[in-house]
Amino acid sequence: MDSSRRPNSGPNAASPMGPELARLIELLARLPGLGPRSARRAALHLAKRREALLAPLAEAMALAAEKIRPCSICGHIDTAEICSICADPQRDDGALCVVEDSADLWAIERMGAFQGRYHVLGGCLSALDGVGPEELRIPQLLARAAEAKPREVVLALNATVDGRATAHYLAEAFADLGIRTSVLAQGVPMGGELEHLDEGTIAAAFMARRGL
Amino acid sequence: MEWRDAGIALGLARHGEGHALLDVLTAGHGRWRGYLHGGGSRKRASLQPGDLLDLVWRARLEDQLGSFRAESLASPAARALDDGEALAMLSALCALCLRHLPEREPAPGIHAGALELLAALPDPPRRRAAYAHWELRLLAEIGFGLDFTRCALGGPATDLGWVSPRSGRAADRALGAPWAEKLLPLPVFLRDGLPEASPAELRDALRLTGHFLGLWAGRQGAGDPLPPARLRLAARAERAA
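Each protein sequence line maps, in turn, to chains A and B.
At position 119 of the first sequence (counting the first as 1) the number is 119 in the working numbering, and the numbers step up by one without a gap.
At position 69 of the second sequence (counting the first as 1) the number is 69 in the working numbering, and the numbers step up by one without a gap.
Check before you lean on any hint, since a few could be wrong.
Claimed, not checked - Partial list, computed: chain B residues near chain A (C-beta under 8 angstroms):
{"id": "1", "residue": "His19"}
{"id": "2", "residue": "Pro49"}
{"id": "3", "residue": "Gly50"}
{"id": "4", "residue": "Ala59"}
{"id": "5", "residue": "Arg60"}
{"id": "6", "residue": "Asp63"}
{"id": "7", "residue": "Ser72"}
{"id": "8", "residue": "Ala74"}
{"id": "9", "residue": "Ser75"}
{"id": "10", "residue": "Ala78"}
{"id": "11", "residue": "Leu90"}
{"id": "12", "residue": "Ser91"}
{"id": "13", "residue": "Ala95"}
{"id": "14", "residue": "Pro199"}
To be verified - Footprint (simulated), chain A over chain B, 3 or more residues, beta carbon under 8 angstroms:
{"id": "15", "region": "5–15"}
{"id": "16", "region": "209–218"}
{"id": "17", "region": "227–238"}
Said to hold, decoys possible - Now the in silico label distances, taken between C-beta atoms and shown as ranges:
{"id": "18", "chain 1": "B", "residue 1": "Gly221", "chain 2": "A", "residue 2": "Ala52", "range": "39 to 45 angstroms"}
{"id": "19", "chain 1": "A", "residue 1": "Leu44", "chain 2": "B", "residue 2": "Pro122", "range": "52 to 58 angstroms"}
{"id": "20", "chain 1": "B", "residue 1": "Arg60", "chain 2": "A", "residue 2": "Ala185", "range": "43 to 49 angstroms"}
I should point out that these hints are in silico values taken from the structure, not numbers from a laboratory.
Cβ atoms here follow ideal geometry from the backbone N, Cα and C, with glycine treated the same way.
Using the sequences provided together with the hints, build the complete structure.
Right under this line is the structure:
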């Protein structure tokens with residue numbers, strides 16, 4: 001092969017793209033689910049659809065960056081001072097669902113069977129990370145519950161040691177306020193086969209077995 | 001470099017999207033941290049603190065982080081998820097190991113004590129005693145061995161009921177009574193190595209061991225005297241007593 005026609009490669013090769021595109025790829029690669037290779041593909045896709053996709057996306061992101069904020073009542077991420085769920089008068093004030101973050105809230109909303117209010121903690125108590133109640137939105141939750149007095153607080157936290165330790169901590173605090181709490185059930189997932197489940201899940205499902 | 005050992009999961013910190021840094025307490029290698037490929041995947045249940053593991057650690061050089069291959073053998077935490085006190089003890093044990101135990105220094109007594117606690121988790125009186133005995137072992141491991149064999153005031157060693165917050169030496173119950181406000185109560189189960197404890201005895205034991213763990217943290221310049229998980233356990237024991 002003629003050396004003058006060899007494609008750029010190696011550490012001394014000139015960059016095949018301008019700094020703006022390189023920066024875009026670098027930032028895209030930080031997104032969940034994307035690595036450097038998929039970020040390059042996404043950037044190329046955007047560059048090819050500049051008018052139809054890149055410009056509207058940049059505009060939407062700039063607007064989101066300006067507007068996105070945590071709801072002052074529940075901590076859920078939204079674009080208003082009070083999120084759409086807290087502002088909805090049709091919601092049931094007597095049921096309050098506590099979740100770790102907004103992704104959990106979205107998951108429960110996709111189910112569509114809960115019509116109460118939410119409170120987003122922003123994480124859970126963690127022995128490893130040394131996270132205590134003050135680092136989370138627990139004081140705000142307790143103050144909110146003491147004022148609103150919901151008939152039930154659903155602790156929809158992850159079925160992990162940290163998630164359950166947080167649930168127990170909250171259950172005791174709500175007991176002092178005279179508010180009933182519940183936690184999500186654990187067991188065999190829909191479509192799950194026992195053979196492939198881990199020992200902990202099978203043990204939890206066995207202990208929570210019920211009559212038919 | 002490669003070794004194989006039994007271990008207890010202390011904590012899993014996600015690294016990137018699908019991987020994790022795993023901290024374990026092993027029988028023969030002490031507290032150890034390594035990379036766990038695929039350990040941070042959100043699509044499957046992750047290892048939980050307290051899980052009993054069969055571990056293989058590999059690295060090119062001994063002082064490298066290295067990576068683990070971990071197979072879960074049992075998950076005592078899965079049976080304790082509905083038990084607040086058991087979870088609080090498990091969290092406190094992991095937090096104290098991560099904070100107080102140096103990495104890569106064998107601590108077989110600490111590992112054995114942790115196994116005893118995990119086995120006792122379903123039984124409240126047994127786990128209370130096992131937890132307090134484990135903290136005593138931890139204190140001895142880090143250089144705060146408490147002496148319950150004789151009376152610091154020169155009295156008999158037959159009814160030791162107090163511990164000096166300065167020296168860590170026990171004192172006769174009657175002789176120490178005039179200084180009761182300054183001394184720390186010594187629960188009988190802790191003194192005699194008994195296998196069961198009441199909520200009030202656990203509270204006293206946690207006050208005692210917590211004092212010396214806090215002293216250690218102060219001398220190490222470790223910031224807060226006790227990790228939040230241990231503080232929550234103590235607060236729970238105070239309420240339960």
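To see whether the hints hold, each was checked on the structure:
1. His19: violated (12 angstroms)
2. Pro49: Hint on Pro49 (chain B): holds, closest Cβ of chain A at ~5 angstroms, below 8 angstroms.
3. Gly50: holds (7 angstroms)
4. Ala59: At 22 angstroms from the nearest chain A Cβ, Ala59 (chain B) fails the 8 angstroms test, so the hint is violated.
5. Arg60: violated (24 angstroms)
6. Asp63: violated (23 angstroms)
7. Ser72: Where the cut-off is 8 angstroms and the nearest Cβ of chain A is about 7 angstroms from Ser72 (chain B), the hint holds.
8. Ala74: holds (7 angstroms)
9. Ser75: Holds - the Cβ of Ser75 (chain B) comes within 8 angstroms of chain A, reaching about 4 angstroms at its closest.
10. Ala78: holds (3 angstroms)
11. Leu90: holds (6 angstroms)
12. Ser91: Given a least distance of 4 angstroms, the restraint on Ser91 (chain B) holds.
13. Ala95: holds (4 angstroms)
14. Pro199: Result: violated, 14 angstroms to nearest chain A Cβ.
15. 5–15: holds (count 4)
16. 209–218: violated (count 0)
17. 227–238: Satisfied; 6 residues make the cut.
18. B:Gly221 to A:Ala52: 39 to 45 angstroms: Violated, at about 58 angstroms.
19. A:Leu44 to B:Pro122: 52 to 58 angstroms: holds (57 angstroms)
20. B:Arg60 to A:Ala185: 43 to 49 angstroms: holds (46 angstroms)
Comparing the model with each numbered hint stated earlier shows that hints 1, 4, 5, 6, 14, 16, 18 do not hold.
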